[in-house]
Every structure is written in C-alpha cells, then in structure tokens.
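Visitor: Chain by chain, the residues run as shown.
Number of protein chains: 2
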Amino acid sequence: MKITIAQLNYHIGNFEGNVAKILEAIKQAKAEGSDLVVFGELCTCGYPPRDFLEFDDFIKLSEKAVKRIAKAAKGIAVVVGSPTRNPVIEGKDLYNSAYFLADGKVQSVAHKALLPTYDIFDEYRYFEPAGEFNIVEYKGKRIALTVCEDIWNVGNENPMYTICPLDELMPQKPDVVLNLSASPFSYDHAADRIHVLKANVKRYGLPMFYVNHSGAQTEVIFDGGSLVMSPNGKVFDELPYFQELIRTYDLDEVMTGKAKDKNAPYGEQPKEKIALIHDALLTGLRDYFGKLGLKKAILGLSGGIDSAVVAVLAQRALGAENVRVLLMPSQFSSDHSINDARQLAQNINIQYDIIHIEDIYDEFAVTLKPHFAGTSFNVTEENIQARIRGLLLMAMSNKFGNILLNTSNKSEAAVGYGTLYGDMAGGLSVIGDLYKMEVYALAEYMNKDSEVIPRNIITKPPSAELRPDQKDSDSLPPYEQLDEVLFQYIEKQQGPKEIIKMGFDKKLVARVLRLVNISEFKRYQTAPMLRVSNKAFGMGRRMPIVGKYLS
Amino acid sequence: MKITIAQLNYHIGNFEGNVAKILEAIKQAKAEGSDLVVFGELCTCGYPPRDFLEFDDFIKLSEKAVKRIAKAAKGIAVVVGSPTRNPVIEGKDLYNSAYFLADGKVQSVAHKALLPTYDIFDEYRYFEPAGEFNIVEYKGKRIALTVCEDIWNVGNENPMYTICPLDELMPQKPDVVLNLSASPFSYDHAADRIHVLKANVKRYGLPMFYVNHSGAQTEVIFDGGSLVMSPNGKVFDELPYFQELIRTYDLDEVMTGKAKDKNAPYGEQPKEKIALIHDALLTGLRDYFGKLGLKKAILGLSGGIDSAVVAVLAQRALGAENVRVLLMPSQFSSDHSINDARQLAQNINIQYDIIHIEDIYDEFAVTLKPHFAGTSFNVTEENIQARIRGLLLMAMSNKFGNILLNTSNKSEAAVGYGTLYGDMAGGLSVIGDLYKMEVYALAEYMNKDSEVIPRNIITKPPSAELRPDQKDSDSLPPYEQLDEVLFQYIEKQQGPKEIIKMGFDKKLVARVLRLVNISEFKRYQTAPMLRVSNKAFGMGRRMPIVGKYLS
Numbered sequence: 000m001k002i003t004i005a006q007l008n009y010h011i012g013n014f015e016g017n018v019a020k021i022l023e024a025i026k027q028a029k030a031e032g033s034d035l036v037v038f039g040e041l042c043t044c045g046y047p048p049r050d051f052l053e054f055d056d057f058i059k060l061s062e063k064a065v066k067r068i069a070k071a072a073k074g075i076a077v078v079v080g081s082p083t084r085n086p087v088i089e090g091k092d093l094y095n096s097a098y099f100l101a102d103g104k105v106q107s108v109a110h111k112a113l114l115p116t117y118d119i120f121d122e123y124r125y126f127e128p129a130g131e132f133n134i135v136e137y138k139g140k141r142i143a144l145t146v147c148e149d150i151w152n153v154g155n156e157n158p159m160y161t162i163c164p165l166d167e168l169m170p171q172k173p174d175v176v177l178n179l180s181a182s183p184f185s186y187d188h189a190a191d192r193i194h195v196l197k198a199n200v201k202r203y204g205l206p207m208f209y210v211n212h213s214g215a216q217t218e219v220i221f222d223g224g225s226l227v228m229s230p231n232g233k234v235f236d237e238l239p240y241f242q243e244l245i246r247t248y249d250l251d252e253v254m255t256g257k258a259k260d261k262n263a264p265y266g267e268q269p270k271e272k273i274a275l276i277h278d279a280l281l282t283g284l285r286d287y288f289g290k291l292g293l294k295k296a297i298l299g300l301s302g303g304i305d306s307a308v309v310a311v312l313a314q315r316a317l318g319a320e321n322v323r324v325l326l327m328p329s330q331f332s333s334d335h336s337i338n339d340a341r342q343l344a345q346n347i348n349i350q351y352d353i354i355h356i357e358d359i360y361d362e363f364a365v366t367l368k369p370h371f372a373g374t375s376f377n378v379t380e381e382n383i384q385a386r387i388r389g390l391l392l393m394a395m396s397n398k399f400g401n402i403l404l405n406t407s408n409k410s411e412a413a414v415g416y417g418t419l420y421g422d423m424a425g426g427l428s429v430i431g432d433l434y435k436m437e438v439y440a441l442a443e444y445m446n447k448d449s450e451v452i453p454r455n456i457i458t459k460p461p462s463a464e465l466r467p468d469q470k471d472s473d474s475l476p477p478y479e480q481l482d483e484v485l486f487q488y489i490e491k492q493q494g495p496k497e498i499i500k501m502g503f504d505k506k507l508v509a510r511v512l513r514l515v516n517i518s519e520f521k522r523y524q525t526a527p528m529l530r531v532s533n534k535a536f537g538m539g540r541r542m543p544i545v546g547k548y549l550s
Numbered sequence: 000m001k002i003t004i005a006q007l008n009y010h011i012g013n014f015e016g017n018v019a020k021i022l023e024a025i026k027q028a029k030a031e032g033s034d035l036v037v038f039g040e041l042c043t044c045g046y047p048p049r050d051f052l053e054f055d056d057f058i059k060l061s062e063k064a065v066k067r068i069a070k071a072a073k074g075i076a077v078v079v080g081s082p083t084r085n086p087v088i089e090g091k092d093l094y095n096s097a098y099f100l101a102d103g104k105v106q107s108v109a110h111k112a113l114l115p116t117y118d119i120f121d122e123y124r125y126f127e128p129a130g131e132f133n134i135v136e137y138k139g140k141r142i143a144l145t146v147c148e149d150i151w152n153v154g155n156e157n158p159m160y161t162i163c164p165l166d167e168l169m170p171q172k173p174d175v176v177l178n179l180s181a182s183p184f185s186y187d188h189a190a191d192r193i194h195v196l197k198a199n200v201k202r203y204g205l206p207m208f209y210v211n212h213s214g215a216q217t218e219v220i221f222d223g224g225s226l227v228m229s230p231n232g233k234v235f236d237e238l239p240y241f242q243e244l245i246r247t248y249d250l251d252e253v254m255t256g257k258a259k260d261k262n263a264p265y266g267e268q269p270k271e272k273i274a275l276i277h278d279a280l281l282t283g284l285r286d287y288f289g290k291l292g293l294k295k296a297i298l299g300l301s302g303g304i305d306s307a308v309v310a311v312l313a314q315r316a317l318g319a320e321n322v323r324v325l326l327m328p329s330q331f332s333s334d335h336s337i338n339d340a341r342q343l344a345q346n347i348n349i350q351y352d353i354i355h356i357e358d359i360y361d362e363f364a365v366t367l368k369p370h371f372a373g374t375s376f377n378v379t380e381e382n383i384q385a386r387i388r389g390l391l392l393m394a395m396s397n398k399f400g401n402i403l404l405n406t407s408n409k410s411e412a413a414v415g416y417g418t419l420y421g422d423m424a425g426g427l428s429v430i431g432d433l434y435k436m437e438v439y440a441l442a443e444y445m446n447k448d449s450e451v452i453p454r455n456i457i458t459k460p461p462s463a464e465l466r467p468d469q470k471d472s473d474s475l476p477p478y479e480q481l482d483e484v485l486f487q488y489i490e491k492q493q494g495p496k497e498i499i500k501m502g503f504d505k506k507l508v509a510r511v512l513r514l515v516n517i518s519e520f521k522r523y524q525t526a527p528m529l530r531v532s533n534k535a536f537g538m539g540r541r542m543p544i545v546g547k548y549l550s
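In order, the protein sequence lines correspond to chains X and B.
Anchor point for the first sequence: position 470 equals 469 in numbering that gives the first Met the number 0, and the numbering is continuous, going up by one each time.
Anchor point for the second sequence: position 395 equals 394 in numbering that gives the first Met the number 0, and the numbering is continuous, going up by one each time.
Do not take every clue at face value.
A pair counts as met if it fits within one copy or between any two copies, since identical chains are not told apart.
As a list, the in silico DMTMM-like pairs of lysine to aspartate or glutamate whose alpha-carbon atoms are at most 20 angstroms apart [claimed, not checked]:
#: 1; residue 1: 368; residue 2: 357
#: 2; residue 1: 534; residue 2: 483
#: 3; residue 1: 272; residue 2: 443
#: 4; residue 1: 368; residue 2: 358
#: 5; residue 1: 505; residue 2: 55
Simulated from the structure, these hints should not be mistaken for laboratory data.
I would like the entire structure built from these sequences, with the hints used as guidance.
Guide: What follows is the structure in structure tokens.
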C-alpha cells in the first residue's frame, strides 16, 4: 500500500481555496500511484476556526467542502479533517473529526477524543469528545484514525486526560495509525513531537503517519514537520519545516524502516532554535500579509536592535520593494541612531524617509503648556514622543496602505516598557515572543553570512532615547537577569518563592513579577504576537487585568 | 435551621481582602443566630482567576485562605468556594470546589461537575469535572452542595452537558440544595436565572439557596440577585442587584413559602433592561477604578451622544470631582458641539478644558507634506485628528493620573467605525457593549428626572466631525437597521441567509457582516468592554483575524 501525506497551508474560512488545494493534492497523489492520501486536522475550514464554529452557516460550508472532496475520492482513499455535528442533543454541538472518503463517498467518520483546552487551544469550547472508537478497513489494511492530541496522552509525565484513544482502538488490531494534526510551532515543538510519536510506537509497535499543517494563521504558526515513523521506533521521514509538500511512501518500506531507493530524500530535519525561530517569523509575516490580501509593510527604524531585526525579517519575508521605514529623530536622538538606521536600510535596500519630530513635539508642548503649568518633564513627555512617531507611522500606513509592524520584544511587553499607541502600535507584533537576549541571538544569526545589521546596532547599550542619555538599564535590570526571571515566571509558571530559590535576588523578583502583572492592561491592547515559544502573550496566556496577585 | 447567604464583592487574587470580608460576614451571620452561611464560587481567590490558576503559589494561597476560614467556622457551618488539587495524576490538575467547614475544620469537599467552557468561560482549561457526588449531613439536614453551572442543565432546550449533578445526588435524599455561583450579569440574566431555578425546584421539589457574587472584575460584572426558592416553585427572596448583602433565612419559612414577619423585605427585584444596564455600568466603572486603586478618569467630550453618556456614567460612578473632560475642537467642529459639550459638563459639574487641535494638525500637515505630495484629503487626515485627540488625552492621563475612558459603542466597534489609537484609545470601554440605539435609550433614562444630557445632543444626527458636513449616515446604514442586523449576527449567531430571510436587504447584510469580520484586528486592540449583553466583544467572542469567511 502506498500512503501520501499532504502537508498544506490552509486559510481559515476560505473553503474555496482550501478545497482547491486539497483536490490538487489528491490529483498529485493519484499520479504518484498512491492508495491513500492524508490531510491535516480541520483542513476544510482551517485551524483554529475559533467562534466561527458557532455559526450554522460555517458548519454547512464545511459539510459542503467534505462532499466536494468525497467526489474526488475515486481510485484513491482520502482522509480529511472537518467538523461534524453531534446528533445527540446533550453535550456540545460538534465533533472534531477525521473523514475517511473512498469510492466517491464518506465511508466512515472518527472523532477526536482528547480536546486540548489550554494555552491557545479552546477545543472543549466547541467539541464533544469521542465516545466510540472504530478502525477503518481499506485494501486489506486496518487503519486507526486519530486526530492530533489523541496520540499525546502517551509518554507524558502529567497527562491531562483520563483516557488514551489508541488503547481503546488496539483490541481491533490496527495495522497502521494515521494522525491528522494542526500542531502549532514553538522552538522546541519538533523535538517534543518526535518524542511523543516514539512513545506511541514503542507502546503499540505500529507505523505512524503524522500529518501537520504548514503556514500561519495570524499569530499561530504551523511548521509542518510531518512524520512517518517505522515500528522500530525510528523516524522514517520528517518533512521540511514551513513548506507545503506532498510525499508518498510505500508502507512495506516504512514497516521495515528501509527505503529501497537509496536516493530517497528521507530523514530528520535540523532543529537549531534560532534558525527555526527565524524561519517561523518569516512564515508568520508572509501569511499575515498574504492571507489578508496585503503586500506592503512599514515600521519605524530607531537605530536600535529590535526595529533592525524586524526590518530584516520584513524584507526577507515580503521583499525589499514592499518594506519602507521611517527614521524619526527628536532632540534626544543620538547621531549614531540615525546613521545606524540609515546604514541598515541601505544594507537591505529598503525605502527610508527621515521625518524630524521636534516641530510637532514643540507644538504639543505649546498647546499643553497652560494645562501642564507647574509640572516638569517626566514620562508624559517621553510618551508624547513615542505617540507622535506612532501617529506618523499610522498616517503613512493609512495613506499608502503599508501595514505597520510592531517592533516590541517580549521582555519589554512583559514589564510594560513601552508606550501604548506609541511604539506599541501596529497590526502585527513580529518579535513580541522573543526575549531581548533572543533578539540579539537572532541578529547574530542574520549576520552569519555577511553584516546585514550594522555591528554598532548590536553592540551599543539599548536605549529608548526619549530623554537625554537614557539607557534601558536606568529603569530595568540587566536583560540577562530580567529574561531569565521572566522565562521562569511566564514559560515555567514558577512563583516568587521558586524563582528566589534559584538564586535570584528577592527584591528583583518581586519587582519584575509585579511589573508583569500590572502591565496586563497594556498587553491587552497589543497587536497579535507571532508565537514561537510555549507560552506567548496573547490568546495563550489569559490573565485578569483587575487583580491583586503579586502586584 | 437558619441559613445565611452572603452576596459579596470579591477581588481576584486579593486573598487578604477576600478572607477579611468572609470572616466579617461569618461574624455577622453568627450574630444573627445562623446555623450555616454560604458564600460564592471560588470566593477565596475571586472569579474568574484565569491563568493565575496555573501557578502553584496561587493555589497554595487559596488553600491557606480556606484554612483560615475553617478556623472561624465554630458554632456555625461555613460553605466557601475554592480551587482544590486533583490528587489523581491523570486529568486536569484542579477541581472547582465547595468546601463545607464546621467545628473549625474542613468536613467535606464537593466538586463542580459541569464546567462552563463557552463565551467568557474557560473552566475546562483548568478544572477536572467531578466524578463523585455526595451530600453533607449537618444538624439533621441532608445538604446538596452544587457549584454554579451544576444546576443549569435542567430546563434547557439544548443542554451542553451529558449529566445532571442533582440527578446523581437525589438517591441520597437531600433536604436542601445550596448553589455557590459566580454568574455574570447580562441584561436578561436575572430572568434566566429564575427560570432555571424554578425548573430545578419543579424537578426536585427541594428548597434552593443560590448565592452569587456582586461587583465587577474588569469587564465581567456580577449583579448578585442571590435567590432563595421555596419547594412550591416561588421566589421566596431575591437579593438586590449590584450590592453586597448578607441575609439570614429560617428554613422552615422557606419550606412553607411564607415569612412569619410580614415586614420582612423579601421579594423579587425589578428587571427593567436599561435601568439594569445603567446600574451595571456604574458597578463596572466603580470596581475597575476601586480594585486597581485608582480614582480619577478623563475623557474627550465631542458634543455627541456617546461621550455624553460616558461622562454622566463616570460622574455618577466616581463623583464629579474625579472626572475631567477635554473639548478638542478642530476646523471641522460645529459650534453646537462645543456648546452642547460645555453645557453637559456644567450640568454634571465636572472640570472641562478646551484644547484646540488646529495648530497641531497643521504642524502634522506641514511635516507630512513632502511625503504626501500628490495625494488628497481622505480618511488619513480624519484619523490624524482622532489620533491627536487620543494623544492629548493620554498626555493629560499620564501627567495627572486620570485613566482615559473609551467612549466607543458596540455598533461602531462592530463595523470598525473608529480610529485605532484615536477615539478607540482608553483603559476601559464603558459602553462598548451597547448598540447605538441602546445608547440613546440610556441617555433618555438618565434624563428621566431632569435634563442632564442636553436635548440637542440626543436629537442631532450623529457625526464624527472629521471632515466638512460629515454624518454617520454617509458611511453607515441607519442605526435602527444596522443594530438589528448586528444583533442577529453577533448575539444570535445567525448567518447571512437567515438574516436576509428576516427581511433585510441582501447587499446591506453582506456589507455589514463583511465590515464586522474585517474589523477584527481593530477590536483585538481595544480596551476591555464592560459586558452587559449575552455576547460582548472581547474574551467572550473569539474570532480569527486572518480569515476569509464573509469577508
């Protein structure tokens, strides 16, 4: 038997586009002589469809999509993910299902049993868990259909579920396991995935075909990395990351773990953290623009590391001709800032304009003078500068249709070191899930072949340049320390006592955790942030604004 | 037996404050000779605690709170809601529990079985559903402990759950049902609540004590309205809305449905929609400021209806001395706008300042002129005005510590008729869950005793005044139609076909639904909106930004 996996980039709610892509892949799989082609989870409607699932009209369109695909399932079996209505009145209205299509119609439907409801996932909001487990027979093979999380309750130290779907299916003696996934990228997810698949193969001794999405849906990035595992527990093949790809396998070869063709491109992919993040962010940028039907970006280039890294990412993702930047010096800007920013723009060949903000700033000062009488320069005046820049960028964005990219990093977003409606403005936060030290690492990675980002941008001490001789270190702990405390609190969910036990200063920890918690109101109003870690700000981290915990 | 219900306003994560409040209520209940006092769901930590629940430290503090309260449970039994650890490794780590405390210690713990995971609720994200059901015996009475949603699977047309906790408990022959709730306000929730309680009493024939939270946690408002129901299906008492209150009942009186004291203040509360919304918004405003330790608000007063209504709400919630407004006319402002706004400020006795924005606008025009060469006045220039106003308001906010209130309404937020970082700025959206026609109704309600809002503000055609002779009706359908289409799409989740079937124009429906869907990126960056309907924008409505459905 030949099995094809189709690792595709779907678009939420774009039924026409998704079906066309699926039909094309079926054609290709047939041309390759395949018996069975497998697509991703909820591939008809895209993932995550979120509350669109509450619209009957949306479910009808998903059902129509399955019908159209079923008609093409002739001479080949097709497995697609799509929502299904729950015929029982009690319980949630839908199932998250895998459809087995053959001979031009639906042969059977298997439902997802384990519904991730943590971090960015809200599946129990919509779906009823499967209560029945049945394998499918096709061309003499007994096939176990599973959906994403269904295979993740094996090999975990703290399993979130009380059942294990493959345990339920084993009495029916399946020959092969298919898994339809929509499993988002984080920089260590590919390794986790292989770990979990290996644990499954070890437990059940069956070959597995794991099919993931590629491409991004707003902040959620899918890396692909679809897997074929042999019963001996070895990775038979791992598809390249961040690409659409269709590949056909001979099940006999997968069973033995050996490809007959010595030149077959099978094998594992490299998993270097910063390289993965780099490619993930390009995917996130490309799909945000592509799927919204947009082309052009704009951002403010301050001469600092954050905007430099975002500019290079934008140029690489969208093309130099689609990126423009504004350099907006004030009386507090240093000469090197302008020079460094200009040099970077020239290095990557993007349009740059210099707009001085002093006159506008002075006009605000004159207008506000009677109201500010008796007060002195403080964070208010710093914020006015940041907001004038935000306003100018949005004006250019409105006039010319360039979407503003936000350049805040995760360390800043965490402690609220940014101005709402100023440097926190933008349609998409590109590096909002990268701690400052990771931004530096990414800059070095970008420079690995040649100096794209001027050295001085990387080496000078970070500054917002909103008052004379300002440095980030005036108001924040050193980023080496700050980032580690933040990582423990945000990614590892450690409390103050645990973090202090790791050797961090008690006052520092209390201050940092307090800053994180009192800045929730700012993050609430921030653009979606491309997610690359296991715990990004945004939909995956849901915190009260009005609270009094560590604040 | 005497039973006390304590309807209190908790504060998320403020364990000290919550425990102090609970201890004080226990004291009062004892003074009233009560045998048993019942508090709300998760009252130790506040509701909704959201991802704070993922911190071990937060759970430890909840456990400590229960221990402190247990010590005070002497001579009286106390029932409190608090999270409990799940001792089994499989499944979610926590239960959402009701603790029965007596003789200075925990006597038993009952877990919530039905975990709301829809709209603003995420309970399955954190909690394992109860698998066991046991009643508690105390002073000869057999008591069924239930938590909020546990009693909501009775009398629904489309039940979301497959079990019914009281069905499980009935074989143990309880005498009385206690329900610990944290059930958020919406303008028809009080009526729904009574409907559901009646359905329970009808089915089980038992008296019920339903205890709700009062007060707001950011956008989520709790109205109280705690209920005592007699076995004859009548409301024995409903506590007043939006108040903290402790009241003690004689169970024998509740059983018969008749109070011995003819002067007892028992009875149902009035449920007029706009009056409820008015009081809910005052609660939301008061607690947003109070729980964040803030006092003073600022907003822009345009002369239009939205900002007028928000100014009056702020003045009523926070006091005239804590509210100031800016009038920020441009060359496009009409005389009546300034006059109407000034009149309103004088009517409600709040500080107002007039800041002309023409000079700043001109300075932006000069600065942008070389970059805008060859373009003509369009929405860009309109947005610049809105953003200058936003910047000035934020400058005053930063300088003097007045929190900026957002004045956008739900109709505008729905169709994206607002400027990000301009009139969409602010820490809290006060009327973001009111359609324009509801804003008018609220204005009339405010004027019922005397003319607070100048008549002209209510009667003139709405306009953003960002270009000469602009009217909302230039770019939007009449609000009477728009609001109805939006209501069907947002609150009723009707699709285009269903809405057209109701008699609305096909093109109008397509246009409105498209506007809603393509404006998701704007709403993503909007302040939290005080929730008064069954489907508010924000955490209760989760939509993809990059999608292609009806867009």
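Visitor: Indicate, hint by hint, whether the structure satisfies it.
Guide: Consistency of the hints with the structure:
1. Within a single copy, residue 368 and residue 357 get their C-alpha atoms as close as 16 angstroms, and across copies as close as 16 angstroms, so both meet the 20 angstroms cut-off.
2. Within a single copy, residue 534 and residue 483 get their C-alpha atoms as close as 14 angstroms, which meets the 20 angstroms cut-off; across copies the closest is 39 angstroms, which misses it.
3. Within a single copy, residue 272 and residue 443 get their C-alpha atoms as close as 13 angstroms, which meets the 20 angstroms cut-off; across copies the closest is 60 angstroms, which misses it.
4. In this homomeric assembly, residue 368 and residue 358 come within 20 angstroms of each other (Cα to Cα) both inside a single copy, at 15 angstroms, and across copies, at 14 angstroms.
5. For the homomeric pair residue 505 and residue 55, the shortest alpha-carbon distance between copies (18 angstroms) is at most 20 angstroms, but the shortest distance inside one copy (53 angstroms) is not.
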